[in-house]
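Protein chains in written order, with the working numbering: chain A, 564 to 1397; chain B, 67 to 286.
One or more hints might be untrue.
Unchecked claim - Stretches of chain A that chain B covers, calculated by requiring three or more beta carbons in the stretch to come under 8 Å of a beta carbon on chain B:
| no. | region |
| --- | --- |
| 1 | 566 to 573 |
| 2 | 848 to 854 |
Unchecked claim - Across the chosen pairs, the derived CB separations fall in these ranges:
| no. | chain 1 | residue 1 | chain 2 | residue 2 | range |
| --- | --- | --- | --- | --- | --- |
| 3 | B | A142 | A | A1018 | 49 to 57 Å |
| 4 | A | R573 | B | S86 | 41 to 49 Å |
| 5 | A | A1272 | B | G186 | 49 to 57 Å |
| 6 | B | Q178 | A | F576 | 35 to 43 Å |
| 7 | A | R964 | B | Y77 | 45 to 53 Å |
| 8 | A | E799 | B | A181 | 37 to 45 Å |
| 9 | B | P240 | A | Q945 | 25 to 33 Å |
What the hints assert, rightly or not - Under 7 Å between C-beta atoms, here's a sample of chain A residues computed to sit facing chain B:
| no. | residue |
| --- | --- |
| 10 | Q845 |
| 11 | L943 |
| 12 | A944 |
Calculated from the structure, these hints are not laboratory results. In this text the structure is predicted, and so the values were computed from the model without any measurement. Don't be surprised by glycine CBs; every beta carbon is placed ideally from N, CA and C.
Below, each chain spelled out in residue letters.
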Amino acid sequence: MTTLAWWLIRAQFRTRAAATCLSMLAIALGVALGYSIHLINEAALADFGRAMKVVQGDPDAVIAARDSSGGVPLATINAIARDPAVLAIAPVIETRVRIGNTGTPLRLIGLDVFSAAAVLPRLLPRNEGMTGGDIFGGRIFASPALLDRLGQRPGASVTLWRGDQRWQTTIAGDLPATGPDDLLLVADIAWVQEHFGPPDAVSEGRIRLAPDTDRANWRRDLAARLPADLLLRAAEDDQARVSNLSRAYRVNLNVLALVALLTGAFLVFATQLTAVAQRSTQFALLGVLGLSPRMRLLQVLLEGLAIGVPGALGGLALGYALALALTQRLGADLGGGYFSGSAPPIVPEVAPTLGFLTLGCAASLAGALYPAYLNRVQPLAQALKVGFLQHHRAGVPSHRRWRLPLLALSAFLMTRLPPAFDLPLAGYGSIALLLVLGVRSAPLLTQWLFGWLAARRLPAAQQIAVQNVAQAPLMAQVAASGLIVSFALTASMVIMVSSFRLAVNHWLDHVLPAPLYLRSKATPLPQDLLAGLERADAPFARVERMAQAALTIDARRPNVALLIRELERNNPAARLPFTGPLLTPPEDMAVVWVSEPMHEIYGIEPGQRLRLPLIGRVVDVFVGGIWRDYSRQFGAVTISRDDYLRLGGDFQPSDLALWPRPGQESAASDWLAGWTTGYGLELTDGIEIRHLSLSIFDKSFAVTYALEAAATLIGLFALAVTLAASVRLRARELATLGALGFDRRMLRRAVIFEGALIAAVGLLIGVACGIAIGAVLTHVVNPQAFHWRMSLAVPWLTVLGAAGLTLLAAVVASAYAAHQATRLPTAQILADVQ
Amino acid sequence: MLTVSGLGKQYPGASRPLFSHLDLGVSAGEIVALLGESGTGKSTLLNCIAGLETADSGSVGIGPQGLDIVRLGETARAALRARCIGFVFQAFHVLPTLTVAQNVALPLLLSQVAADEHVGRTQALLERVGLAGFGGRWPASLSGGELQRVAIARALVHHPALILADEPTGNLDPRTADGILSLFLERVREQAAGALIVTHSQQVAQCCDRILTLTPDGLV
Ligand SMILES: Nc1ncnc2c1ncn2[C@@H]1O[C@H](COP(=O)(O)OP(=O)(O)O)[C@@H](O)[C@H]1O
Ligand SMILES: [Mg+2]
Chain A
564 MTTLAWWLIR
574 AQFRTRAAAT
584 CLSMLAIALG
594 VALGYSIHLI
604 NEAALADFGR
614 AMKVVQGDPD
624 AVIAARDSSG
634 GVPLATINAI
644 ARDPAVLAIA
654 PVIETRVRIG
664 NTGTPLRLIG
674 LDVFSAAAVL
684 PRLLPRNEGM
694 TGGDIFGGRI
704 FASPALLDRL
714 GQRPGASVTL
724 WRGDQRWQTT
734 IAGDLPATGP
744 DDLLLVADIA
754 WVQEHFGPPD
764 AVSEGRIRLA
774 PDTDRANWRR
784 DLAARLPADL
794 LLRAAEDDQA
804 RVSNLSRAYR
814 VNLNVLALVA
824 LLTGAFLVFA
834 TQLTAVAQRS
844 TQFALLGVLG
854 LSPRMRLLQV
864 LLEGLAIGVP
874 GALGGLALGY
884 ALALALTQRL
894 GADLGGGYFS
904 GSAPPIVPEV
914 APTLGFLTLG
924 CAASLAGALY
934 PAYLNRVQPL
944 AQALKVGFLQ
954 HHRAGVPSHR
964 RWRLPLLALS
974 AFLMTRLPPA
984 FDLPLAGYGS
994 IALLLVLGVR
1004 SAPLLTQWLF
1014 GWLAARRLPA
1024 AQQIAVQNVA
1034 QAPLMAQVAA
1044 SGLIVSFALT
1054 ASMVIMVSSF
1064 RLAVNHWLDH
1074 VLPAPLYLRS
1084 KATPLPQDLL
1094 AGLERADAPF
1104 ARVERMAQAA
1114 LTIDARRPNV
1124 ALLIRELERN
1134 NPAARLPFTG
1144 PLLTPPEDMA
1154 VVWVSEPMHE
1164 IYGIEPGQRL
1174 RLPLIGRVVD
1184 VFVGGIWRDY
1194 SRQFGAVTIS
1204 RDDYLRLGGD
1214 FQPSDLALWP
1224 RPGQESAASD
1234 WLAGWTTGYG
1244 LELTDGIEIR
1254 HLSLSIFDKS
1264 FAVTYALEAA
1274 ATLIGLFALA
1284 VTLAASVRLR
1294 ARELATLGAL
1304 GFDRRMLRRA
1314 VIFEGALIAA
1324 VGLLIGVACG
1334 IAIGAVLTHV
1344 VNPQAFHWRM
1354 SLAVPWLTVL
1364 GAAGLTLLAA
1374 VVASAYAAHQ
1384 ATRLPTAQIL
1394 ADVQ
Chain B
67 MLTVSGLGKQ
77 YPGASRPLFS
87 HLDLGVSAGE
97 IVALLGESGT
107 GKSTLLNCIA
117 GLETADSGSV
127 GIGPQGLDIV
137 RLGETARAAL
147 RARCIGFVFQ
157 AFHVLPTLTV
167 AQNVALPLLL
177 SQVAADEHVG
187 RTQALLERVG
197 LAGFGGRWPA
207 SLSGGELQRV
217 AIARALVHHP
227 ALILADEPTG
237 NLDPRTADGI
247 LSLFLERVRE
257 QAAGALIVTH
267 SQQVAQCCDR
277 ILTLTPDGLV
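Generate the whole structure from the sequences, applying the supplied hints.
Here is the structure:
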């Protein structure tokens, strides 16, 4: 039995090498994509977890301020330290400095050696030749990775810069327990506090509890007693936050991988269906010889597996290679900008690897299922006599027609559902339903179109084509389905991306009003630069300053950006692109404007009063409106500088928008050049930022485009395969026609016309489905997954042009199928009785 | 070897049954010719006997144990065919994607003959039908007569108790047909199998042990 199965599989591979290899490739692609995304994400999370362990140790809880400019009062730290359940609490001050005028700021962590030994052992410095007592003595320690980067050795003297302040100090030793990617400086906490502030507070307290403490309970008790501007986190919260960071992005990539896998399954389906149809007399003969019905079913499934197993194995190898290559080139966030750092090691694990292998095999089995069933139910005697019997009729029975509007209605209703687990699951479901709807409505359209055509007087060749489609409805349906699904997905992506790009373009117009931008990364701008800009001889007509901070609203979610800007309290619309009405705030209250993502994630409404952790305490603010933001996916809140100062905040600008005086553009650049080189600041012009943003945008969708193009190719290939098969099934009939006086050219014309008709039906439905799915992507998936809202803009020229091109390609594919089918001499076909 | 009793068959939608209460017996080593006009149901009768179609009534006992194929399920029918029946068709039905030797070996695979016997028995039978040295060739390169000899070898290779042939020479020119047929009958007699052969040729019928004719009124 196995010998027979093996013979048949080999025969399949030999006679249909192209279709089989392509099916394998499609399965491999789906598996590779999913697997590499998984590997990269695991590597990134592991890497992040490891880096966090170094810096944070393994505390049972961390206490920190909710806003990045605030701190934990020393009094609070001392109070917690007195709690008998607390074994140790390590206060830490973290800030950013530069060494010399290097561009990137470094983390400087101030700690107390004794408490750190209990909680943060991996940050402990090594100091050769000096023991006990004051091991810091006003000096700093650098991680080996940083020393490497700087090309320095312990004992070197360095200058730390922050803004325009600078300190001369010595590197006393290294941090032996840190990893090869950790760029860190460690100093004594008192020394850091003296130079960088804040005076009576620290950034964080990291807590180790006594072993027999009920941690969850203890945390709950303490959290209840803490003031609202302080937050108590557990280590799990940090893990969750990191995972949340790239979650939607990952899910979207995974959906793409799933689409690739489904395309693979579809290709296996088309290949196996035609394989079964072509070999129906052979299988009938084997049945006569005693092959059991179960084995006829199993054989087709086995053939599916024979495609799936090598495909999935190849996919795993390809996925691993892809993960390696991508992390080397783009880092662990695939260019998404969520994580930073160098390439993490890719370590495949057994269980997920087997899981992806199974997924690939399951996809190919699923594709082979229906053909296997058809093969199982072929009546032997009849199949032996006339070949493959199609049980499907072209039309949709009228009692089933009500299913189509029902499908459409459910697809629509699913778009109304809220996200589940922060993911647009119902949106994806709606897309799947729309695809089913498209495929299901194909017979109806075919019936209608061909009924109309049949009533026309057509040339003989075209008439044959119309009849053929009517006689081989299953093949026509399969060929059309491939095109419907692949083209609908491609068109929808094109529509979504182009709507998005248009929206981003408008948005950039609004948020990048100035010709020049100056940024210092994470440290405040030097005071003397700011003073210089105020002088009358500075070549600038206008300067707007901005400061940034980060707020933790929910410990398990990524931080929200706080933007402090020089805005007019009563006219913020000049700078912020509002999506709705602007509300006038009460006179005596500070007003904030929240970004669209913040509005959606936290359910914050305009006109609402909000308690926000600002300036080291919680203040009541009024929500004046919602503005569009495509750059900070996890939320941002803007407050005017005046309100911020009135609340008692300390305005330390880190970003400048600059308008040079007309005619003094080059003088302005020269004026700034001195500062940028001296302080490692970054100067860009508005046009450059705009180009950069759009090119990042285009790059992040390049993978998507490549995949969709592959899907369309596969759809076309499926069309060619099914068309060739269905023509070959009718080879004798066609040859008879040939004998009756049809020349080969006419026969080819008939086949090409048939292919064009099927493709036209597929593309017509594909375009309609594509627009509907594009609308779901723009209005449901994007807002729910990324909190990006935009209006739908269908690029008609592109979509219709792509449809035209695909139709052309379909004609070429049909010409190929026609050539394949009519290649044999008429006499041979007539003589060759299977 | 074959005992048909009370067999009846009517296609759904047909105005009258093709045959009813049909009785027929073929003993071991006996070759029976089945004549009849086109459309009287000869092929259908053969299909019912082989279990490819289900008879409406009656029983078909096959093989030494006389298992009733009408009462068997699909899988058991297939197993019975694999073990006890050899089939030759008008259209040769040689699988184009398998070599000649593989085609002949198919029944051995399906009837679970020990694998080490396959090559020897296949070679032996190919020799017996005059196709020694053809084993590695593809069917597309064979003539019609050669293809039918492959089909005959395939029908005999597993030593079935019953051989059914539906117009085995209908697709061949008269001279080739004669040669093939005598070869076929010789091999059948050699194996002492029972055979039921549908044919239109009186000449063929003369070579058989018994001649039956299927008419709308039954077998005569
Ligand atoms: N699957 C079928 N369904 C309905 N009628 C059939 C089927 N197969 C054969 N017939 C009819 O049964 C009759 C006998 O067919 P067949 O057994 O092939 O005749 P013969 O082999 O004697 O020429 C014919 O009239 C044919 O139309
Ligand atoms: Mg017949």
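Please check whether Q178 (chain B) and F576 (chain A) have a Cβ separation lying inside 35 to 43 Å.
Since Q178 (chain B) and F576 (chain A) have Cβ atoms about 26 Å apart, the given range 35 to 43 Å is violated.
Pairwise beta carbon distance, P240 (chain B) to Q945 (chain A), judged against the given window 25 to 33 Å:
Cβ of P240 (chain B) to Cβ of Q945 (chain A): about 30 Å, so the range 25 to 33 Å holds.
Count residues of the region 566 to 573 of chain A with a Cβ under 8 Å from any Cβ of chain B, then say if the count reaches three.
Holds, because 4 residues of the region 566 to 573 of chain A bring their Cβ atoms closer than 8 Å to Cβ atoms of chain B.
Verdict for A1272 (chain A), G186 (chain B) (Cβ pair) under range 49 to 57 Å
holds (55 Å)
Does the closest beta carbon of chain B sit nearer than 7 Å to the beta carbon of A944 (chain A)?
holds (4 Å)
The hint names Q845 (chain A) as touching chain B; please verify it with the least Cβ-Cβ distance against 7 Å.
Since chain B brings a Cβ to about 5 Å from Q845 (chain A), closer than 7 Å, the hint holds.
Verdict on chain B covering the region 848 to 854 of chain A, where coverage means 3 or more residues with a C-beta closer than 8 Å
Contact hint for the region 848 to 854 of chain A vs chain B: holds, 7 residues under 8 Å.
Double-check L943 (chain A) for me: the hint is only fine if its C-beta lies closer than 7 Å to a C-beta in chain B.
holds (5 Å)
Outcome for the supplied range 37 to 45 Å, where the beta carbon pair is E799 (chain A) and A181 (chain B):
For E799 (chain A) and A181 (chain B) the Cβ distance comes to about 60 Å; the hint is violated.
Quick check on a hinted range of 41 to 49 Å for R573 (chain A) and S86 (chain B), using CB atoms only.
Once the Cβ atoms are compared, 47 Å apart, the range 41 to 49 Å for S86 (chain B) and R573 (chain A) holds.
Measuring from beta carbon to beta carbon, are A142 (chain B) and A1018 (chain A) in 49 to 57 Å?
This hint holds: roughly 51 Å between Cβ atoms.
R964 (chain A) paired with Y77 (chain B), Cβ distance criterion 45 to 53 Å:
Taking Cβ atoms as reference, R964 (chain A) and Y77 (chain B) lie about 32 Å apart, which means the hint is violated.
In summary, the structure is inconsistent with hints 6, 7 and 8 from the numbered list given earlier, while agreeing with the others.
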